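*Asks:* Here the protein sequences line up with chains A and B, keeping their order.
Going by the numbering used here, the first sequence opens with residue 17, and the numbers climb by one from there.
Going by the numbering used here, the second sequence opens with residue 5, and the numbers climb by one from there.
Everything labelled a hint here was simulated from the structure, so no lab data went into it.
Mixed in with the good hints there might be a few duds.
Claimed, not checked - With a straight-line Cα cutoff of 25 Å, these simulated SDA-like cross-link-like pairs (lysine to any residue) come out:
no. : chain 1 : residue 1 : chain 2 : residue 2
1   : A       : K394      : B       : V279
2   : A       : K83       : A       : K394
3   : A       : K537      : A       : E487
4   : B       : K283      : A       : M326
5   : A       : K426      : B       : K16
This one's a predicted model, so the numbers in the text were calculated from it and none came from an experiment.
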Amino acid sequence: MEKNKLTWKIGGKAGEGVMATGIIFAQSGSRGGLHVYDINEYPSLIKGGHNTLQVRVEDREIFSQVKGVNVLIALNKETILMHRDELTSGGGIIYDSAEVLDRKEIREDIRLYPVPFNNIIKEIGAETIMKNNVALGASIALIDYDFDIVAGVIRDTFKRKGDRIINDNTMAAKAGYDYLKKNFPDDFNYKLEKIGTGGRMMLTGNDAICMGAIKAGCKFYSAYPMTPASSILHFMAAQERRFNIVVKHTEDEISAINMAIGAGFAGVRAMCGTSGGGFCLMSEGYGLAGMIEVPVVIIMAMRPGPSTGMPTWSEQGDLKFVLNVSQGDFPRPVLIPGDNEECFYMTQEAFNIAEKYQTPVIVLTDKNLAESHKTTEKFDQRRITIDRGVYATASELAASDEKTFFKRYKYTENGVSPRTIPGMKKGIYTATSDEHDEEGNITEDTGNRTKMMEKRMRKLDSLAKELKQPEMVGPRDAAVTIIATGSTKGPIKEAMMMLEKDGVTVNYLQILYLSPFPSEKVASVMDSARKTVVVENNFTGQLADIIREKTGKSVGRRILKYDGRPFYPEEIHREIMEVAHG
Amino acid sequence: MVRMIDINAIDKPNWCPGCGDFGILLALKGAIVELNIEPENIAIISGIGCSGKVPHWLRTYGLHGIHGRPLPVAAATRLSNHELTVFAVGGDGDGYGIGMCHFIHAMRRNIDMTYIVHNNMIYGLTTGQTSPTSEKGMRTKSTPSGVIEVPVNPIALAISSGATFIARSFAGDVKHLQKTIVDAVKHRGFSLIDVFQPCVSFNHVNTYDWYKQRIYDLQAAGHNTGDKMAAFVKSQEWGEKIPIGVFYEVLSPTYEDELPQIKEMPLVKQAIDNVDISKLMDDFV
Chain A
17 MEKNKLTWKI GGKAGEGVMA TGIIFAQSGS RGGLHVYDIN EYPSLIKGGH NTLQVRVEDR
77 EIFSQVKGVN VLIALNKETI LMHRDELTSG GGIIYDSAEV LDRKEIREDI RLYPVPFNNI
137 IKEIGAETIM KNNVALGASI ALIDYDFDIV AGVIRDTFKR KGDRIINDNT MAAKAGYDYL
197 KKNFPDDFNY KLEKIGTGGR MMLTGNDAIC MGAIKAGCKF YSAYPMTPAS SILHFMAAQE
257 RRFNIVVKHT EDEISAINMA IGAGFAGVRA MCGTSGGGFC LMSEGYGLAG MIEVPVVIIM
317 AMRPGPSTGM PTWSEQGDLK FVLNVSQGDF PRPVLIPGDN EECFYMTQEA FNIAEKYQTP
377 VIVLTDKNLA ESHKTTEKFD QRRITIDRGV YATASELAAS DEKTFFKRYK YTENGVSPRT
437 IPGMKKGIYT ATSDEHDEEG NITEDTGNRT KMMEKRMRKL DSLAKELKQP EMVGPRDAAV
497 TIIATGSTKG PIKEAMMMLE KDGVTVNYLQ ILYLSPFPSE KVASVMDSAR KTVVVENNFT
557 GQLADIIREK TGKSVGRRIL KYDGRPFYPE EIHREIMEVA HG
Chain B
5 MVRMIDINAI DKPNWCPGCG DFGILLALKG AIVELNIEPE NIAIISGIGC SGKVPHWLRT
65 YGLHGIHGRP LPVAAATRLS NHELTVFAVG GDGDGYGIGM CHFIHAMRRN IDMTYIVHNN
125 MIYGLTTGQT SPTSEKGMRT KSTPSGVIEV PVNPIALAIS SGATFIARSF AGDVKHLQKT
185 IVDAVKHRGF SLIDVFQPCV SFNHVNTYDW YKQRIYDLQA AGHNTGDKMA AFVKSQEWGE
245 KIPIGVFYEV LSPTYEDELP QIKEMPLVKQ AIDNVDISKL MDDFV
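If we strip away everything but chain A, and leave its shape as in the complex, we get:
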């Protein structure tokens, strides 16, 4: 019997409450002190189509999904047919007994638990939509988990909808629980047991980014809805009155970034968010922010391209895009977190970098990180420092000539010029997208152009000196060295545990900043590594190309996946085994 090592999956049509039910299950695991990681799969439509949520629950910290489903809740027959092969031996399917199912269609080692969803709903007088809860309750009985925890989560989930809805949902879940206990008293292979009282948050990467932004004092958020960044807009909008933030759903992404620039120019911490297509529209504004040295944070959540691509799936295909988008050279810091903690702390770091170096900063994520829930320890607010950068001092302002403009773009050693904002007496200047002199006057003078270009680009050098270098995880003299970035972190960590059991030593260098790129560190790792691989969710191996560009060194093997799905640790494990023994 396996205890507290479970993968539970629910599937059904979009609009049937698949996600909501799955989240209730995941939250129930978390509140029992267990660790949870979930991954959703859904097509880009609202009603119909096939949706799943897969929830992994264990008693140790887990970092990604794994292959093998132990409990499958099928809200329709399609779910059974699509996912039957994912079930482990001894796994079980809970489904509607009204579905006609030929036993021969299912492997013999899989157990079937037909439950009369609709009859149960009718008996208790609940609404048909609540049949999910019957199935949820049945699965809780099957794995012998604490029903009271689930009832508590249902209560909190529906608390705004009133007692009747809470009661009906709870009753539906309890009826499913009772039905399974009564009709299938056999001993199921997989059990879940409460080990504590929880206390951890269940968060997506987008949730963590929003918390990071709010903690960092973000006062303005503008966006146009686009998967997988939309939930940032929803989160920020829901919190705008609680934390005094102006959140604007704009007419398009062009407006979104220009608004964020207007807010940054006015002196508030501003952020906008989008995915690849929207960032195409933002590219001109991105360059404007670079040119006029206005701090802005841009959350760029990747999904598979080109063009509309696969809107609700995941890819890391925009690494080179964000590094090169918009005309001309300007400092383009790009931060790429790999888990919820990094999403939180690096978002607030992005605000500090943006203000300290007066430049737009990108935080790059992908759908896998943006939308998957993971149990996460509460963030340490004491670790957050707010650095608003250099403002003109009172004496600098007093010394400023009243007839000319303030030297907002003064040439300085580190490239950063003291800032003024509207409202500051004697700080007056005009920010312009044209090349300009120290006062912001338009000029095409050769000497000024050279100096101004160098001033702006010096900021990137200054920033590079300040950023912490990536740290190698794992044994120094490993057989294989993995270099990767972003959300592959989770499955890589899981794969490393598997490889360790197989006696293959692996170490891992996670790139946290695509720009400025930690070239020296990566070069030295490449020099000392026995075998190197990249693990990337894209077609060409963009990170490997960047490494080649920045260090002149070639990564030995590119482990790539570009089908819109994130890596499973088993896939990385298999490939690394090949590399190690090859």
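For chain A, the structure is supplied; the task is to place chain B on it using the hints.
*Replies:* Positioned in the frame of chain A, the structure of chain B alone reads:
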């Protein structure tokens, strides 16, 4: 008291001699002096084109951004610090062409700011191509056989899009324009001033004389600015007689009025160094 000398920039405008933009700049400066607004409390946000250079020629805070996008920048500047007097400035290509989407949405929002459009019915800085307000049949570099489309009617568009102060003026009548800008700034809400601005280099049809022969003052003609339908009728007048002045004005809540987040103080003055997210984190347990 704010004097003209306080807002004069050292550098002089580099527009073509005789350009209508000079009249607009003069009227804008006159209005600032008349309104007595401290220059550090003014932000002028412009787009690209000859009009885009306005912020460089007077001493207030300015942002000369990218083509067609002054309105979103200006909107957020105002929402971030509603103690500022915010102007957006652009041309007909900037606002009614590439920036048309923002134009309509800015009017719906009714953020308290003043949008001055230098409407010369031609593209000037790119040396004479058709603009969204070029008249049908006008021959330009990009329409050598004449413009096929009908022109955009910004006044009618503004009436239907929810702008709460809608006026037209003429760069050749600085006194009228200055008064219109003063009234627009005093108006609580989004103000549009579409300004006839002769382009002496590239538009040889819609010249100073052409306008002078046609324009008449709506206010002198006793137009009721509270009557939306009458405003729409006036917006359709074009040809031998063309109205200038205030077409429509109505008081309705501004976008800022609807934001409790900025009721006590502007966003920019709110402390951010000690935001406590403990309860927010609890919500996710």
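*Asks:* Next, verify each hint and record whether it holds.
*Replies:* Structure-based check of all given hints:
1. Taking the CA atoms of K394(A) and V279(B), the gap is near 15 Å; set against the 25 Å cutoff, the hint holds.
2. For the proposed pair K83(A) and K394(A), the alpha carbon gap of about 28 Å is over 25 Å, so the pair is violated.
3. Note on K537(A) and E487(A): the hinted pairing holds, with a Cα-Cα distance of about 9 Å set against a maximum of 25 Å.
4. Between the alpha carbons of K283(B) and M326(A) the distance comes to roughly 36 Å, so the proposed pair goes past 25 Å and is violated.
5. For the hint pairing K426(A) with K16(B), the CA-to-CA distance comes to about 22 Å; that is within 25 Å, so the pair holds.
In the structure shown, a violation is registered for the earlier hints numbered 2 and 4, in ascending order.
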